[in-house]
Each structure stands twice: as structure tokens, then as C-alpha cells.
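Protein chains: 2
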Amino acid sequence: MLTKADLQRLRSLREKKIREELGRFVVEGEKVVGELLAMNFPLVEIYATAAWPESQRANVVRLSEQEMARVTHLPAPSSVLAVGQITRTPLPPGALSHGLTLALDGVQDPGNVGTLLRIADWFACDRVLLSPDCADLFHQKVIDASKGSFARVPVHTVELAAALATIASTVPVLGCELKGDDVHTLPPLRDAVIVIGSEGRGLSAAVAARVTRRVTIPRFGGAESLNAAVAAAIVCDNLRRTAPR
Amino acid sequence: MLTKADLQRLRSLREKKIREELGRFVVEGEKVVGELLAMNFPLVEIYATAAWPESQRANVVRLSEQEMARVTHLPAPSSVLAVGQITRTPLPPGALSHGLTLALDGVQDPGNVGTLLRIADWFACDRVLLSPDCADLFHQKVIDASKGSFARVPVHTVELAAALATIASTVPVLGCELKGDDVHTLPPLRDAVIVIGSEGRGLSAAVAARVTRRVTIPRFGGAESLNAAVAAAIVCDNLRRTAPR
Chain A
0 MLTKADLQRL RSLREKKIRE ELGRFVVEGE KVVGELLAMN FPLVEIYATA
50 AWPESQRANV VRLSEQEMAR VTHLPAPSSV LAVGQITRTP LPPGALSHGL
100 TLALDGVQDP GNVGTLLRIA DWFACDRVLL SPDCADLFHQ KVIDASKGSF
150 ARVPVHTVEL AAALATIAST VPVLGCELKG DDVHTLPPLR DAVIVIGSEG
200 RGLSAAVAAR VTRRVTIPRF GGAESLNAAV AAAIVCDNLR RTAPR
Chain B
0 MLTKADLQRL RSLREKKIRE ELGRFVVEGE KVVGELLAMN FPLVEIYATA
50 AWPESQRANV VRLSEQEMAR VTHLPAPSSV LAVGQITRTP LPPGALSHGL
100 TLALDGVQDP GNVGTLLRIA DWFACDRVLL SPDCADLFHQ KVIDASKGSF
150 ARVPVHTVEL AAALATIAST VPVLGCELKG DDVHTLPPLR DAVIVIGSEG
200 RGLSAAVAAR VTRRVTIPRF GGAESLNAAV AAAIVCDNLR RTAPR
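Protein chains in written order, with numbering that gives the first Met the number 0: chain A, 0 to 244; chain B, 0 to 244.
Among these hints, one or two may not hold up.
One copy or two, it doesn't matter: identical chains are merged, so the pair holds either way.
[Stated by the list, open to error] When the alpha-carbon atoms are kept at most 30 Å apart in a straight line, the in silico DSSO-like pairs for lysine-lysine are as follows: (1) 178 <-> 30; (2) 140 <-> 15; (3) 16 <-> 3; (4) 15 <-> 178; (5) 140 <-> 30.
Honestly, the hints are just simulated from the structure, not real lab data.
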């Protein structure tokens, strides 16, 4: 049973401003909630209809289907809605000089950001950086598209150009562009930053100025460009292939 | 100025059944319509508001913003809506034995299908095959996500398992799976079929039975899988890298 205040609070969490104020976010759907529970991700509230297989768990607030239909953020309600706590970890000083970093510069589509988190997770990137104008990490579509990876990959929201300015000069900052070195010829790299710009605008000028090596995925046909997530995945596959193990 | 019958007809084209009946599809937005015009893709009707930069073209029906708002298929109307003619080319006999084919088995998300067309175009795949249960090629989201590639890549809708049964035995049918040969170790291949299954279910049993070589993208981290388009792109990048030129 939901109070009117709860209903209003849960619905309001679809807005980033409210999420930041309350320090809470919503995640919905059997699959993603199941993944987060399996990873012991801290969920502070769980609401479920009788259709949710785990609805007998302790601390689950049981809702009628009508209540779920009113509280859901989705076009079609699922059987479970959970609330997590927003935690933001500052980027440790010097972190970018070690390991593989995937840095997103103004990637605004939440589905793309989620897919990029999944790619970072697959290729064991040590961290993902989001510029402040990227889609919000706690947007439901980011969490959904990440298929659980959002809970596994360390993500930091930072002023990207400033963060890149602190990096050791021995660590290459790779920018994916239409004219650059063939990605297939990259030397083995254990430590690197890969920066990915927005689909429409590419890299911002301040971030582009920090790129030390432009890389290109060889094109054989007519398409003008590749989707940002696809490009990032191909660069990661090539870096991991050649990385010293 | 639009008649009521035109309005109704244009709106009805968002349904696949009607598109098939009338042999017409709708495409909207300055970017995609501009791309199609630049490629001389035959557009049989064009409707535009005064805001469309090319609204003075011959054969453009001028609409008020109110009319465009009523006729659009998009959540927010753009300044131009065009109608194209649906053409479907049968797969020529023997075609699959030559060149690179990207075959989609039940990929239902239209954004994914569009992204896969763009990837096929970038890597100069000779053709794309869609199983009948894939998202419809003439769905607006497929066309949008393909960024113009839908007009460049030959696409054939076929019963996939039956089509694969006709292929020369010397041509490998590569299936992307979690357990298979490391994609980095693929030998040079000029002729191959890459089959991609749906995100949720993977390959259908009938298509899986036609796969002659399972390939795997090495995983380094925690994600369970990669998005279908991302996986296809990595396989294409590896095949093209090693293909004899």
C-alpha cells in the first residue's frame, strides 16, 4: 500500500533535479532489479506486485497492479520497482595515469551512455568518466541499457578537460576521429584514455585539445560515421588485443 | 494544404500492414530527408513547412506548422516529411557464396537494425539479410538509425535458414557466441556470412544449425554480453582487417 506522499516522491524521481536533492534513483523491471540484487547492490526500497517472483522477500512493499501502473516510470509497468541510493565517488588524484579509462564527452543519449558502460565492463576498463553534460548516470535508461554494468564499473563525473590536464604525459589520450592513425596499428598500451564525443558534435574543443593521438577505424564502404558506442567498442577490442598481459 | 484523406493516409503509414498495402513509407527530419535527396533516392511526395531550407523545391507541398504537427509520426515534428516507395529485391541465387553478408536473425529493435545497416555500410558488406521477424526495414526508426545507410546497402528479407542452406560449403557461416574461436584468430576471409541473433534469444535453432564456425569476442571484465550491433561491428572490423585486398 502506497501513501500519496510516497507515490508523489517515487514519481518525482524521474527528474534529475529531484534525484540529486533526495539522493535516490529508481530502477524498474525484473531483469535489472534481479541483476542488482544478485550483485548485492544496495536497494533501499523495493515495491512489487504479486507477479514478481521474489515478492515474498523481507522489506518488499506489496503493490496492486493499479498502484504499480500509477508509480511506474515506464510506458508499461513491470512487476518491481526499486529505489537505490546515489553515491558519487570523486576521481582519486593520479588515477588516470594507470589502466584504461573510457571518457565520455557530452554523450547525451542515455541509451548510448548505458551501452558504453556495458562495453567498458566487457573490456575491463578501469573507470568511466562522464563530462557533466552527459546523460545522467542514474537515468533509468542508462541503467537499463548498461545491463547491470552500471553497478560494476567505477564511474566518475568530472570536468573532462581539467581531469585530462592532470594526466601523466606518458599516457596517451586517444581520440576517435575520421582522420587519424589506423586503430589496427596501435602499439600495445596498458595505460590509456579513450575519449568519445557526442554523436552530433564530436569532441568539445577543450577536450580535443587534450587528445595526444587521433585514431581512425578503417572505413571500407559508404557510411559517414559509426555510432559512438560501436566506435568505442572497436577501439577497446584493438587495445585489449594488443595489450601486454 | 492537406486534404483529410491525405492526412489520414500519411498517418496510417506508421503501420507496417498499411505500408505494405500501399507500397509506401514515411521518412521525416531535415537530416535524413536531406541525405536521401543527396543520394537521389526516389521520394515520391515531400511535405514541408516554411522552416525547411529546401521548401522552395518543385513538387514540395507546403504545410503549416499545425498541419505538420497533425501528420508527423515523431513526438516532435520536424520541418519535412517525405514519402518513399517500397521496393524489395529478391536475393539473387548464389549471391551468398560471394562477398561479405551480414544476416540478422530476429533482431526486433528497429534502432538496432538501423545501427547494423550503418555498420554493414561502413565495412562494405555486400548485402544484409533480414529474417521475416526482424524489425521492418521501412520502419522510421530503422531508417533514422541507419543514418542514410538504408539507401546504400542492398537488403533482402528472406527465410534465413533456407537461404543459408543454399550457400557454397566453402563459405563459412560465422555465428557470434559466448563460446567459440577467438575472433582475433580468424583467418583472412573474403567471402563469409556473419549471423547475428536477437538480443534476448540469440540465434534461432534453425539458423544456429547452419553456423559452421562459432566466434567469440574475448571478454576481459564482468559484462555478460555485448549489444548485437557492437558484436557485429567488432567481427566486421576483424574480418576486414585480415581480408585479402
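Hint check results:
| no. | hint | in the structure |
| --- | --- | --- |
| 1 | 178 <-> 30 | between (40 Å within a copy, 23 Å between copies) |
| 2 | 140 <-> 15 | both (13 Å within a copy, 27 Å between copies) |
| 3 | 16 <-> 3 | within (21 Å within a copy, 43 Å between copies) |
| 4 | 15 <-> 178 | neither (37 Å within a copy, 40 Å between copies) |
| 5 | 140 <-> 30 | both (13 Å within a copy, 25 Å between copies) |
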